[in-house]
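A.B. asks: As a plain string of letters, each chain reads:
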Amino acid sequence: MSGVAHERTVLEADSLSLRFGAIHALRSVSLRVDEGQIHAVIGPNGAGKSSLLNCLSGFYRPQAGSVRFCSKDISGLKPHRRAALGIGRTFQGIQTYSSMTARENILSGFHARMRTGFIGGLCYWGAVRHEEETFTAKAEAIIGFLELEEMRHAVVGDMPYGIRKRVDLGRALALEPKVLIMDEPMAGMSTEEKGDLARFILDIREGLKIPVVLVEHDMEVVMAISDRVTVVDFGEVIASGTPAEVSDNPRVIAAYLGGAKS
Amino acid sequence: MLPTGVQSLKYTQESAVLRTTRSRAWLVVLACALVGYPAVAGPYMLGVFSHMFITLMAVYGLYVTVGMAGQINVAQSAFVGVGAFAAAKLSGYGLPFFIVIPLAALMAGLTSILFALPAARVKGFYLALTTLAAQVVFPIIILALPMEWLGGLVGMPVEPIRFGTLTLGAPIHFYYFTLALAALLTVAAFNLGRSRFGRAMLAVRDNDVVAEVMGVPVFRIKVMSFFVGSLFAGVAGACTAYFLQFVTVSSFTLFASVWYLGMLIVGGAHSPLGAILGVVFITLLQETLHDVANTLMQSGASGGLLFALTSIVLGGCILIALIFEPRGLAHRWAVLRTTFQLWPFPRN
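Protein chains in written order, with the numbering used here: chain A, 1 to 262; chain B, 1001 to 1348.
In case anyone wonders, no lab produced these hints; they're calculated from the structure. Given the structure is predicted, the values throughout are model-derived calculations rather than measurements. Wrong hints could be hidden among the right ones.
BS3-like cross-link-like pairs, simulated, lysine-lysine; straight-line CA separation at most 25 Å [what the hints assert, rightly or not]: (1) A:Lys138 - B:Lys1123; (2) A:Lys78 - A:Lys178; (3) A:Lys209 - A:Lys72; (4) A:Lys194 - A:Lys209; (5) B:Lys1123 - A:Lys78.
One side only, chain B facing chain A, incomplete, derived with CB under 8 Å [stated by the list, open to error]: (6) Thr1012; (7) Ala1016; (8) Val1017.
Ideal Cβ positions, reconstructed from N, Cα and C, are used throughout, including at glycine.
Sequences and hints are given; from them, build the entire structure.
C.D. replies: Shown next, in the form of C-alpha cells:
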C-alpha cells in the first residue's frame, strides 16, 4: 500500500522502523489516511500502536521511514511544528490542563493560529482584544459542537473523566486540524459516554470533514464506525482493509485469540 | 462568582479583571487611599511603602516565571541586581529615567535568557540548582570586572531622577514614583493571565509534553517566561538604584531571592493578587515586629535576643499561613468572598 500517493491522501507513514535498543517497536510499518476516512489502528497490547502515533505526531524519531502530510515530508519536524501544520491529537488518559477552564483549554489549542506575542499580552491593546474576541468566538463554536456549554467556565481539574476527555477533543479541534489522531478515546468510559463520543467522531468526519486516525481497543466501536482498519502485532502490520475484511482475516484472529499463525 | 445581573455583550468583557461597579469602586477607594497616604504618613513609612512597591514589582516577575510557567527561579534578586547596576551605569551617562528603566529591564531580561537556555532543558530540583548558579555567579562577576565598570566591591553612585527642574530626592517623591510604576506593572501582570502568551505558560506548567503536541513551542515559552519575569525584575532593580542612590552587590543576595519566593508562595503563586497579598502581608509583618522590638529595646531588653525573636516570630507566622492556607492568601480571599456573596446559603 505504500508509495501510491493518492491525491486524497492526507497523512501517510511509509515503512517506519523504530527500535529501542534491542526491541523493535515498529518494523517497516506503513499507514495511509485518506480524506473523509475514519481509520482505526488496532492490535493487542504492546503491538506498537502508540509508538506509531508518537512517530506521527513527532515524539519519536523513527530510525527508518518517513511521514508525509499533505504530500509534504514532515519527518524532521518537531511536534509543535506538526501541530501548526494541522495534525491534531488527543491523548490516552487525562492530559488536559487541569488548572484552566474548559474554554481556556480550548483557547490554548489556538496557540499556533494566534499571533499576539508577550508584549501584546502585557499591554492588551485593541488589536489583542480583537484577536481574543475572534478566537473566543471560534472556541465557543467548538464548545457548542461538543455540547460543553454548561462547563465552559468550570476548571477542568474538577470535572469528571468523560467531560475532560471531551475538553481534550475540543483542544485538538482548536488546532483546526486536517487530520485528527485519537489515542484510545473510549478507554474508561461508560456505555453512554462511548455512544456520545462515537457520535462526535462521526460528526467530525461528516460535518467538519476531518479524517480521524483512531487507536482503540473497543472492537464494537471500531467495527461500527471505522472505514478502514489496520491491524498491528509485534510492530508489524498484519492486516489492513475494511472492518469486515479484517475481522475475517485468520492472522488477525490468531493475534487476538492466540494459537498457530497461518 | 458574579452577582446576578452582570451581563457580558462581548467575550473580552468576560475576561475583564474588574467586572462589577462595586469592584471598580473599591479600586478607586484603594487608589485614593494610596495617593492620599503621604498626607498622614511620616517619611519613614513612605520609605517602607516605596520599598514594598519595588518588592512587589520583583515578585510580579516571579509570578510570571514560577507561578505561570512553573519554572523555579531562585535568582530573582540577581536579576533585580542586573537591572540596578544597568540603571546606575546608564544614569551615569546622563540618560533620563524613561530611557534608563526600559533599558535596565531589557538588560535583566537578556541576562536571564543566558541562564534560561540551559535551565529550560532541566526540571524541578535541577532547575532550582541552575538558577542558584545565576544567583551565585552574579556577585562574582560584578567583583571580577574592573572597578571602573561597575564599581566592584565599593559599588556605584546613581544619578537622581530629574523631571525638568525637579530632582527626585524626598521620600514622598519616591513614594509616588514607585507607586505609579507598580500600578503600571500590576496592569501588565493581570493582562498576561488572559493573553495567548499567558495561556501558553499555563499549558507548559500544567503539562509540557502535551503542550508541545498542541502547537506550543515549549522550550521557547520556558525561556520567554524567564525573560518576561526578569523584565519585571529589571524595573524593580532600576527603582532600587534610584531609591538607594547607590548600588552594591551586597544588596542583591540569595536571601532576598528566597524572600521573594516566600512572599509569592504565602500570597498564592497562581494569581497577581497572590503577589500583592504576599508582599503586603510579609512587609507589614516585618514592620510590626520591627516596631515591637524597638519599643521593647527602649524598655531595656537585649538587642540580640530581640533580633532572634523577631525572626522566629516572622518564620512562625509564615508557617501558620502556609499550614492553614497552602494555596496562598489569594485563594483564602477568593473563598471568603464567595462565602460572603452566597450568605446565608452555604458554599457548594
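A.B. asks: If a hint holds in the structure, say so; if it does not, say that too.
C.D. replies: Structure-based check of each hint:
1. Proposed proximity of Lys138 of chain A and Lys1123 of chain B is contradicted: the alpha carbons are some 34 Å apart, above 25 Å.
2. Annotation: proposed proximity of Lys78 of chain A to Lys178 of chain A holds, straight-line Cα distance about 17 Å (limit 25 Å).
3. For the hint pairing Lys209 of chain A with Lys72 of chain A, the CA-to-CA distance comes to about 20 Å; that is within 25 Å, so the pair holds.
4. For the given pair, Lys194 of chain A sits about 21 Å from Lys209 of chain A by alpha-carbon distance, which is consistent with the 25 Å threshold.
5. Distance restraint check for Lys1123 of chain B and Lys78 of chain A: the Cα-Cα separation of roughly 20 Å lies within the 25 Å cut-off, and the hinted pair is therefore satisfied.
6. Nearest Cβ of chain A to the Cβ of Thr1012 of chain B: about 5 Å, under the 8 Å cut. The hint holds.
7. Annotation: interface hint on Ala1016 of chain B violated; nearest CB of chain A at approximately 10 Å, more than 8 Å.
8. The beta carbon of Val1017 of chain B comes no nearer than 10 Å to any beta carbon in chain A, farther than 8 Å, and the hint placing it at the interface is violated.
Going down the numbered hints, you'll see the structure goes against 1, 7, 8, while the others check out.
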